[in-house]
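**Q** Letter by letter, the chains look like this.
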Amino acid sequence: MNVVIDACSIILLAKSSVLETLAKWRKIIVTEGVYNEVLEGKNKKFLDALLLDRLVGEKKISIEKKLKKEVVQKLTNDFGLGIGEAESITLALESNALMITDNKQGRKAAKVQGLSLIGSIETVTALYKTKRIDKEKAINTLKILKRVGWFQDYLIEEAMGDVQNG
Amino acid sequence: MEPEIIAIVDRVSEEKKVDRTSAIKILVFAGWKELRLEKSLALYKEGKIAVDKAAKIAELTVSEMMEVIAAHGIKSDETLEEYRQGVKVLMGSV
Numbered sequence: 000m001n002v003v004i005d006a007c008s009i010i011l012l013a014k015s016s017v018l019e020t021l022a023k024w025r026k027i028i029v030t031e032g033v034y035n036e037v038l039e040g041k042n043k044k045f046l047d048a049l050l051l052d053r054l055v056g057e058k059k060i061s062i063e064k065k066l067k068k069e070v071v072q073k074l075t076n077d078f079g080l081g082i083g084e085a086e087s088i089t090l091a092l093e094s095n096a097l098m099i100t101d102n103k104q105g106r107k108a109a110k111v112q113g114l115s116l117i118g119s120i121e122t123v124t125a126l127y128k129t130k131r132i133d134k135e136k137a138i139n140t141l142k143i144l145k146r147v148g149w150f151q152d153y154l155i156e157e158a159m160g161d162v163q164n165g
Numbered sequence: 000m001e002p003e004i005i006a007i008v009d010r011v012s013e014e015k016k017v018d019r020t021s022a023i024k025i026l027v028f029a030g031w032k033e034l035r036l037e038k039s040l041a042l043y044k045e046g047k048i049a050v051d052k053a054a055k056i057a058e059l060t061v062s063e064m065m066e067v068i069a070a071h072g073i074k075s076d077e078t079l080e081e082y083r084q085g086v087k088v089l090m091g092s093v
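Chain order of the listed sequences is A and B.
Residue numbers for the first sequence follow numbering that gives the first Met the number 0, so the first one is 0 and each next one is one higher.
Residue numbers for the second sequence follow numbering that gives the first Met the number 0, so the first one is 0 and each next one is one higher.
What the hints contain is simulated information worked out from the structure, not anything from laboratory work.
Incorrect hints may appear among the rest.
As the list claims (entries may be wrong) - Here are some, though not all, of the chain A residues that point toward chain B, as calculated from beta-carbon distances under 10 Å:
(1) Ala-22
(2) Lys-23
(3) Ile-28
(4) Ala-48
(5) Asp-52
(6) Glu-57
(7) Ile-117
(8) Glu-121
(9) Thr-129
As the list claims (entries may be wrong) - So, partial list: chain A residues that the calculated Cβ filter (under 10 Å) puts toward chain B:
(10) Cys-7
(11) Glu-36
(12) Leu-46
(13) Leu-54
(14) Lys-58
(15) Ile-62
(16) Leu-66
(17) Glu-69
(18) Gly-83
(19) Ala-85
(20) Ala-125
(21) Asn-139
(22) Ile-143
(23) Phe-150
(24) Tyr-153
Cβ coordinates follow ideal geometry from the N, Cα and C atoms, glycine included.
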């Protein structure tokens, strides 16, 4: 099944260096809005922007441009989403794809739309459990995500436990 | 203009080695950025907007906005149940 990822999670997965590994496992699709949002950091030489640019250039991540504008607009208005987030939810709905998002408001909107939610932390756990990354890499990745300061400690601890005991 | 405001303008003028007009422009711009950031953070904290929208309001990149949000101690509200479900969903769907 294809995976749609929003800007927030592209950035987190890039920073924690598992985005390319995930792209080898699942077909990743981002919307044009997400691509533009992340690439705004290219001038500042942000790692996430440079990595996404490369992976798109190498066709390891696809960009979807054709979306129902009225659905995107409605999500933007109803939930206070930016273009990238609204497009991602629309794309996941239209293509029956999984959605990876760590964006609080995006998760709320996706839940209301009935999408199955996945976050960056569980992506790391799943990569480890399916042997796509080893234990050391998984632990280091979770440590990076902890340092980013985006997640509650209990989530990181649960994932660390899953990796240590897995 | 109040003397304390003039003193601030003069201080910026001296520090940046620019005239008073340029110093005022620098201060207005910095104040504007601060106000935008304050507004976007408040709306994000209240759960009214998403990160990408907050970044737009604050005139920052999404990556920068995420750093600001984290620096303010605002965390994701994902639950353990959602985490467990997410692992199952990602591993189970091929």
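**Q** Does each hint fit the structure? Answer for all of them.
**A** Hints and how they fare:
Of the supplied interface hints, the one on Ala-22 (chain A) is violated, with its beta-carbon coming no nearer than about 14 Å to a beta-carbon of chain B, more than 10 Å. At a threshold of 10 Å, the smallest CB-CB gap from Lys-23 (chain A) to chain B is about 14 Å, leaving the interface hint violated. Given hint, Ile-28 (chain A) at the interface with chain B, is violated; its Cβ is 15 Å from that chain's nearest Cβ, farther than 10 Å. For Ala-48 (chain A), the interface hint holds, since its Cβ comes within 10 Å of a Cβ in chain B; the closest pair sits about 7 Å apart.
Hint on Asp-52 (chain A) is violated. Least Cβ distance to chain B is approximately 13 Å, over the 10 Å limit. Against a cut-off of 10 Å between C-beta atoms, the interface hint on Glu-57 (chain A) is violated, since the closest Cβ of chain B lies about 21 Å away. The interface hint given for Ile-117 (chain A) holds, since its Cβ lies 4 Å from the closest Cβ of chain B, which is under the 10 Å cut-off. At a threshold of 10 Å, the smallest CB-CB gap from Glu-121 (chain A) to chain B is about 4 Å, leaving the interface hint in force.
Interface restraint check: Thr-129 (chain A) against chain B, minimum CB-CB distance 6 Å, threshold 10 Å, status holds. Evaluation of the Cys-7 (chain A) hint against chain B yields a held restraint, the C-beta minimum of about 5 Å falling below 10 Å. Here the hint on Glu-36 (chain A) is kept, as its CB sits about 5 Å from the closest CB of chain B, short of 10 Å. Because the beta carbon of Leu-46 (chain A) sits about 9 Å from the nearest beta carbon in chain B, less than 10 Å, this interface hint is met.
Hint status for Leu-54 (chain A): violated, given a least beta-carbon distance of 16 Å to chain B, over 10 Å. With 10 Å as the threshold, the beta carbon of Lys-58 (chain A) stays out of range of chain B, its nearest partner Cβ sitting at about 21 Å, so the hint is violated. Among the interface hints, the one on Ile-62 (chain A) is violated; its C-beta lies about 16 Å from the nearest C-beta in chain B, farther than the 10 Å criterion. Interface restraint check: Leu-66 (chain A) against chain B, minimum CB-CB distance 15 Å, threshold 10 Å, status violated.
Hint status for Glu-69 (chain A) relative to chain B: violated, with the closest Cβ pair at about 19 Å, above 10 Å. Residue-level restraint check for Gly-83 (chain A) holds (minimum Cβ-Cβ distance to chain B is 5 Å; threshold 10 Å). With its C-beta approaching chain B no nearer than about 8 Å, Ala-85 (chain A) sits inside the 10 Å limit, and its interface hint holds. Given the 10 Å rule on beta carbons, the hint for Ala-125 (chain A) holds: about 4 Å separates it from the nearest Cβ of chain B.
Hint status for Asn-139 (chain A) relative to chain B: violated, with the closest Cβ pair at about 19 Å, above 10 Å. The beta carbon of Ile-143 (chain A) is not positioned within 10 Å of any beta carbon in chain B (closest approach about 13 Å), and the interface hint is therefore violated. Checking Phe-150 (chain A) against chain B: minimum C-beta separation of about 5 Å stays under 10 Å; hint holds. Interface restraint check: Tyr-153 (chain A) against chain B, minimum CB-CB distance 6 Å, threshold 10 Å, status holds.
In summary, the structure is inconsistent with hints 1, 2, 3, 5, 6, 13, 14, 15, 16, 17, 21 and 22 from the numbered list given earlier, while agreeing with the others.
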